[in-house]
Amino acid sequence: VSSSSRYLLCASGDFVKVYSVATEETLQLMGGHADRVTGIQLNPHNHMQLYSSSLDGSIKLWDFMDGIAIKTFTVGSKLMALYAPPDFEDSVFVVTPKSADRDPFQLVSVKLTKAAGQDVEAKELSVVLSGVNASPKCIAFGREGKYVASVKQFELCVYFFKNKLAQRFSLRPSKANGGSNHFTCVTCHPMEDCIATGHADGKIRVWYANFHHRKDYTYSTLHWHHDTVMDLAYSVEGTYLLSGGVEAVLVVWPNESDCQRDFLPRLGSPIEHISMSADGSQCCTLHTDNRITIISSNLRFSKSIQGLIKSSNIKTGLVVDPRTKALVLNGEPGHLQFYCLQTDQQLFSLDIVQRTYIHQAGLHQTDLVKVAFGAQGKWLATVEEREEVADPELQLKLWYYNEETQSFKLNTRINTPHEDHITDMCFREMDELEDDSLILVTTGKDCVFKVWLMVENTDPEAQQRVSWSCDFVGSYHNYQATNCCFSEDGSLLAVSFEETVTVWDSVTWDLKCTFCCPPGKIRNICFGRLTCSKYLIGATDYGFLCCWNLLSCALEWSAHLNILVLQPDPLSEYIAAVSWLPTGSSLFVFKPNEAQPVYIQRNFCKQKIQLAAFVPRDEPEMVSSEKYLWLRRSQLFFLTKTQELMTLSAKSLEERLTPASKQLAVEESLPVTPFSLLLGKHRRRPSQENTDLGNRVVQNKHEQESPAVRELLHTPAHVLPSASFLCSMFINSLLISKENKSAEEVADEVEMESEQAEDDSDEEGGVTEMEQDDPSPVESLGELPCKLTKSQERELRKIRKVDYSWIAAF
Amino acid sequence: VHRVRFFGLVPAGVRCLAYQARGARLALARTDGAVEIYNFGANYFQEKVIPGHETRSVEALCWAAGDRLFGAGLSGDIVEYDLARLSVSHSVDGCGGPIWSMEANRSGTQLAIGCEDGSVKLFQVVPDGIQFERNLDRRKGRILCLSWHPSGSHIVAGSINIFRVLDVSSGLTVQTVMVNCRVQKVKRECVVWSIAFLSSGTVITSDSFGRVQFWDWEKGTVQESYTVSTSAALSMAVSESEDSLIVGTSSGTTHQLQLLPVKMDSQEKRWVRTKPFQYHTHDVRAVAHSPTALISGGLDAQLVIRPLMEKVNKKNYDVALRKFTFPHRRLVSCARKARLLLFQFSQHLELWRLGSTEETGKDGEVLPLCRMPEHLVQLKSKGPEHISCSCVSPCGSWIAYSTASRFHLCRVQCEGNTISVKKV
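Chains E and Y are the protein sequences, given in the same order.
Heads up, the first sequence is in our numbering, so the first residue is 1 and it goes up one at a time.
Heads up, the second sequence is in our numbering, so the first residue is 1 and it goes up one at a time.
It should be emphasised that the hints constitute simulated quantities derived from the structure, not laboratory data.
Glycine included, each C-beta is placed from N, C-alpha and C at the ideal position.
Hints should not be assumed to be uniformly reliable.
[To be verified] Okay, the calculated beta carbon distance ranges per label pair:
#1 Y:174 to E:260: 30 to 40 angstroms
#2 Y:221 to E:155: 37 to 47 angstroms
#3 E:254 to Y:221: 34 to 44 angstroms
#4 Y:188 to E:363: 35 to 45 angstroms
[As the list claims (entries may be wrong)] No farther apart than 35 angstroms at their CA atoms in a straight line, the calculated lysine-lysine pairs in the DSBU-like style are these:
#5 E:78 to E:310
#6 E:164 to Y:269
#7 Y:275 to E:146
#8 Y:187 to E:146
#9 E:111 to E:123
#10 Y:263 to Y:48
My request is simple: use the sequences and hints to build the entire structure.
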């Protein structure tokens, strides 16, 4: 958190993100590192600058307000963590791997040379401590940079810079109560000689001042967490200690004698990192599910910045909400997240399971496994199950979108829809919005597929008009049903039963035909769209992609590919298939009527692609080359095993990043200074004076077009003229202009300025008086009566200055 | 090997402790009035045991004038123990009802006692006993604890809801401090169980709300307050260097608080709660602080000596944690030929015959008994004094026991199923 606690800085992949604390918006995305950013630290000598370290072996100095990399210091080896304590003149500390050693990591001090140029090689390195932990949480710098504390396994090591002496304190390993007591994190008191360490068994040990004597050390133990303490942070003054762990509870330990500890519970997911802002007004916690929570100093939840929530296992697949075009997938445990791709923000999180999540290892939790949208997002079907090996607890829920509340409302809950796990689920999408044509099909491992229909409630007391019930149960030779899919017009349903694909008539539920592709079970099936709707595509376990013609009931073509993901584009006839080989994932885009792919991208990702989805674009994009024609209508997104969301784009990275980096919200980034308060007052006044709505519009316009103020704020300080020159211009801009300013007056404005500069000594009083006098006619008459010319006005002012005190004598 | 599970000895709980820094000795009083002396220099050896007395309960112990040990109790008497003869040498009536607390000043020349009637009395230690010196200001409420200022100028006395500071030279109460403030709504009385006066003028109290509080006695304000337990903090002891203290609570935990410098080279110091220990199962009624160890004794009759690792230079036997659970004296004597066991209780003796078996077996096997152990005789001693030692002859026909003042010898005659005991 930046020193004014207006910006939140966060290392994210190869980038450093700058968020506004007030609006949660991403202000800057600073890219430039070639590998993962491992540490960011504010420059202690300039609070507008930021150091970042990366695995690519460089330290960069940024101006995070403008998103400019000022300098790059090349260190060479991988940097695992970065520390910039304020008491070291021009050096920072990094953790680097040692070349082939028993203790693989060492803490190194890097002297940042003042040499000119953007790219500087940092050569002056000196090893401070060897055998440290690579995690950034395992090293902390003490008060005034006097010592550095490092923890590893069962040992706390305190190194004093003054006498270059390291003290080591070790704990006796204990396995009591299940958890080992090794160190997990360390932090130092900012004012006192006091070190707090977190342990894997949930204890926090606070080591006191005497640790510079090997013999005479002492510590006290704080214990609340039941599992590993993930991170610790002291408040700015060191009056309290914050700790967080897997319980998703932020615990406040007061340093003062008789205060009780305080808690902020229900933060959603395990706390990974805690950070305090420099002025102590905010604290933020980073969670394992890719979320930042901002907490105000009175321990109230204030805001949360969340992108794509990382869940333990994505079972629902990537689904696109037809209404919002958001990606829908597993979010928090038992929740469905709606993730907006354009803004990288979570739209909302729908609680499906509606049960309290208990953080405990080995506990079987109810989780969401399948999701399907129907009827242009009007209906949502979800399946949840509890991981029980023998007898899974299943529930099918149908949600109706309520236009008034703008959210999904539970309509029907079906317990145990299938005897065994549900493998797939789909709605029949029809163009006409007739409710009764909506059909839901679920396939299960209990060897049947079931068709669910909406029925009218005959019971007059029923709360809902319609509810869902089972209409048809189909099976095929007692094989497990694995996938289902409706054709585009909804007339045909394809259900795959292990090695066989069956095609059913969706009106009469007759088995029309079967397709078989002998070696291997069917993984995925889908129908072709638009011009290719007569084709059915299937991918099998042993690496075959088959395309059947539904009219001739014959195999059209097949290809030998180990397809993991098969995803048709809803707006075109293109189908994307992702294949996996140990060397990486490859993408094939094809039309079902041609055996030759339209587009091939080999080994575009080292990781296994788990899921993919086509997200329709708001407006078709202009695509330059023939090769990328399939990207015109929709965009393809992939999710990898490590839950990284990727997309393919025809444009280069820089092109896409530029608009984001240009937006710099000047208005809201104004610091609260007496100057800005004055400006705020100046802006507010007009709206107070005017009761008339029409006038206010005029006033607002005036407020925007006060060019002097804007000029003053937007021009960089070093190109501004001297303050004495600006002063009169600024004072002038504060004057309330007359609403019916004549055209010639506008032209004369410059002249008027110079006049005022001439005799501003005696004019000063006049100006203030004018401001006070002005409002009264506005209020009484509604519009300005005076149409005085400039000369008349000056005349009037002179009259006012004339001494009429002699009248009093009479 | 006989498995003897019929010795139903209930050990008496530890009531108070007094540590003598110079001789490295610890005096311990149990709830039955027995006083034990442990010698820390000689591997924590239990040197002496002064057997208890029915009418004499010990509430407070203190060392004064060198090696002289004084005790006071609810009988209202102050007694001096003769450590050579293991008996009471002098006894003086305190004239203030039951005595709850007693403390000697640092030089050991004066004793202050706190009585039931709310008075604090000073006694002078003279070569042949003690002599009443004066009464200090008397207020209502029993004095549960008191402490001398190291300079001997003031005494702080803890009572219910308040503690008072008394000036020794004038005998007047110079400060009265209410301790039950800051406890919302609950109209419970706050008992100051233990109190200490530091040379800096800080008064430390431990009370029934489980708090340890540090007071500025002149201003009467709290400096720091630590809630160490939800139950009462019954006992507290400060080390002689005044940088560490130990608190015992009624939940069986003991806590150490230490005075630590805030910064490495600064003078500013602060009390910090450092280590909690849980060695006892019941109330910790008495604690003491030796230079190298924390000593605690509880109603569960255990004496625990926890050495402070950082104060010990090298690893030796002193570093080990000591727990005295079993009595150090011989309470069981065995008549080998007659297969009899004599058990010694505080006021009676029990004679048992061991069980016997006819079967044989290997090591570790449990053999079935053909004759169960048999309780033959219970011998009650007369008078208020407790039995100090006992013995049975190898043939099993003679039993001898003694109290502090008398020696008894009995003859046991066993004829078939009838047993007769004859006093000799």
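Quick rundown of the hints versus the structure:
no.	hint	result
1	Y:174 to E:260: 30 to 40 angstroms	holds, 34 angstroms
2	Y:221 to E:155: 37 to 47 angstroms	holds, 43 angstroms
3	E:254 to Y:221: 34 to 44 angstroms	violated, 20 angstroms
4	Y:188 to E:363: 35 to 45 angstroms	holds, 42 angstroms
5	E:78 to E:310	holds, 27 angstroms
6	E:164 to Y:269	holds, 26 angstroms
7	Y:275 to E:146	holds, 26 angstroms
8	Y:187 to E:146	violated, 50 angstroms
9	E:111 to E:123	holds, 8 angstroms
10	Y:263 to Y:48	violated, 46 angstroms
In summary, the structure is inconsistent with hints 3, 8 and 10 from the numbered list given earlier, while agreeing with the others.
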